[in-house]
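Each protein sequence line maps, in turn, to chains S and E. All you need for the working numbering is the position in the first sequence, starting with 1, plus 1323. All you need for the working numbering is the position in the second sequence, starting with 1, plus 1323.
Derived by calculation from the structure, the hints in this document are not laboratory data. Beta carbons: idealized from backbone N, C-alpha and C, even for Gly. Treat the hints with caution; some may be incorrect.
Just a sample of chain S residues kept apart from chain E, beta carbon distances all over 12 Å, derived [as the list claims (entries may be wrong)]:
id, residue
1, F1354
2, I1390
3, A1423
4, G1427
5, D1457
6, V1495
7, K1601
8, K1628
If you want the footprint, here are the derived chain E segments under chain S, 3+ residues with CB under 8 Å [said to hold, decoys possible]:
id, stretch
9, 1376 to 1384
10, 1390 to 1398
11, 1405 to 1417
12, 1426 to 1434
13, 1449 to 1457
Some chain E residues well away from chain S (every beta-carbon gap over 12 Å; in silico) [stated by the list, open to error]:
id, residue
14, F1345
15, Q1358
16, L1422
Protein chains: 2
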Amino acid sequence: MREVAILGIGQTKFGELWDRSFREIGIEAGFAALQEAKLSSQDISALYLGNMASGSFIEQEHIAPLILDYAGLAGHHLPAIRVEAGGASGAVALHQAYLAVASGAHDFVVVGGAEKMTDVPEDVQTDIANASADQEWETVFGATLPSLWALVARRHMHDHGTRREDFARIPVMAHEMGSKNPLAHFRNKITLDQVLEGSPVADPLGVMDCAPASDGAAALVLGPLEVARKYTDTPVRIAASQVACDTLALQHRKDVTTVEATVVAAKAAFQRAKKSPKDVQVAEIHDAYSISALMALEDLGFYAKGAAAKGLSEGEVAFGGKLAINTSGGLKAQGQPFGAVGVAQVAEIVRQLRGEAKDRQVSGAKLGLTHNLGGTGATSVVHLLERAN
Amino acid sequence: MREVAILGIGQTKFGELWDRSFREIGIEAGFAALQEAKLSSQDISALYLGNMASGSFIEQEHIAPLILDYAGLAGHHLPAIRVEAGGASGAVALHQAYLAVASGAHDFVVVGGAEKMTDVPEDVQTDIANASADQEWETVFGATLPSLWALVARRHMHDHGTRREDFARIPVMAHEMGSKNPLAHFRNKITLDQVLEGSPVADPLGVMDCAPASDGAAALVLGPLEVARKYTDTPVRIAASQVACDTLALQHRKDVTTVEATVVAAKAAFQRAKKSPKDVQVAEIHDAYSISALMALEDLGFYAKGAAAKGLSEGEVAFGGKLAINTSGGLKAQGQPFGAVGVAQVAEIVRQLRGEAKDRQVSGAKLGLTHNLGGTGATSVVHLLERAN
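Taking the hints into account, I'd like the entire structure generated from these sequences.
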């Protein structure tokens, strides 16, 4: 298979975009990515779109041709294909686009991620989000995503001595970085006390441990690495793209303090890229819940199980530390439009590897990682991205 | 890219399966396909699943890991990926699985299609089906899929002299074949008069011109052609797999009597396979509406525009004629579980090419075609399948 590069990125503001429609934000991100890649729409031969639940949020399925259409590309009759994997829809769409280019089936492909979540009331948002957990064996009995992650947090505290304040640090860092990101949903800084004293959602998780529902879209243009330099001075190589899955219901996992799908995807990714976690300077990690991000630091191989808390409290995992995470603000502060998350994570790593992240720049960033989860970890996707010049 | 073969097929009964859950029918089809391919679940390295609207029908997204899970494969942590393209979800999932094997990314892949539609009331079924048309510019004003296809039918009659009875023949043939298919939703034969006098849905289309909502699942096992004979004496080669798209809204098409996405996908498929329409003996054609099937005969290249009516009335397109269509019973009689349709169409062609179709067998079937549509043709998928022995 061919090497694949990212030639352009595009992203809308994330937030409550009540004055903008799904199709508007979808094409804004796509055109921005094409323009950056200095490609015209004629050069593109396929579109992949990550989206979790447009049928429920906006009563519209079949959204990949919709975005193709509103981008003015319907006349080209390209394949436009939607991929769904709960909160991991964006990264799985990228995986499919990567395969399309790597296989030689297509040369230049746009991959987008988009979700319009805030036009429905909050209780409906919760119901829709829960559809990425197991409807028959979890949510029908009243479980919700935050309550399932709260069970995980309690067990992690019990088994590994993790303290409440260890994972409370993650949203504090997220808001610090979000304050520097003009596209972020939340740009206010918060303190550790604000996280610890936040309104309870599902004990031990408070409102500040949980990422918001957001509207937003992000897009990437992919092409063969061998011709990438014709289009950009700063191509970024996709060094690995790995998807792994697990049981849909949390209760069927052997050990809920490990997301085994992340362990498997990360091992395969590092093996393929011939790299190890210590080679990574910057990572975007799925912090839909503060505890999911702490656990990911362990499951991705940055820390042994139970040791991420120490890495966080001692400042190793920090902007300016050994490993910078969620410089975009993460899902917590940049926002969480389900289908867009996995694509936006990669866009942020591309900015970092190009040296274009301004006051969020991680100095010496050469290898970046993204980690995108669906549900309580029934899908996990890991990408490794490397500066190609 | 490698040549890809179909090593096994599986399919549940289609119909109103009120005593069976989505996950049950999903794994039944998958296991049947694996068993036929004489493969064990250990041999499989990815799962693709076509489904249109599980979020709306059964309040469950993230269904690819769900099926992986209930198949007992969660412990293998395979990638399990859902694809959505309205009524064409199944064939687009097959396209992705085909690329996964052709590229060398995976050796053996299961592709499934499943939909559970009849647990919700009929008016809700209609609303959900409409989500594959354009919500903002069509269905919000009261248009439905049948009313849009009725406009198409009227225009086809006006422009090309097509008569009401020309497309009414298609459901008659479908029920004739459905009567011979033990998996079919409807096994009763109907007459031309019953179609012509059916309760009106959207003039000129009556209830017998419209395929039902069904529950059902189908699955295929794909592998590299070069090793196919180790697993089956009757491998079927995927000679071409083409997806093309168009505007989501019908009103934006230049000529509503042509589904341009079908024209483009079919041309590309025949070119890739170095075949022409006259080489095809048997085809499964998307007869969600009788008129959509008549038009497909033209758009696929079997007839010039306006000439399919003659082919139908003179018996060229018929079981025992020059071209047999919808020997499964088609969407009209075999049934229409949205996400399963495109996969089940291919399963029927595989039966035909293997010579296993019993009293539905088309003698001398060597090259078969499938045609799967989303919405009013915003997605069209064409597969060409060839006997490989």
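Do the hints match the structure? See the list:
1. F1354: holds (18 Å)
2. I1390: violated (9 Å)
3. A1423: violated (6 Å)
4. G1427: violated (6 Å)
5. D1457: violated (7 Å)
6. V1495: holds (30 Å)
7. K1601: Since the minimum Cβ distance to chain E is about 24 Å, K1601/S lies beyond 12 Å and the statement holds.
8. K1628: holds (17 Å)
9. 1376 to 1384: holds (count 7)
10. 1390 to 1398: holds (count 3)
11. 1405 to 1417: Result for this restraint: holds, n = 6.
12. 1426 to 1434: With 3 residues close enough to chain S, the hint holds.
13. 1449 to 1457: Satisfied; 6 residues make the cut.
14. F1345: violated (9 Å)
15. Q1358: holds (22 Å)
16. L1422: violated (6 Å)
Figure legend: structure checked against the earlier numbered hints; hints not met, in rising order: 2, 3, 4, 5, 14 and 16.
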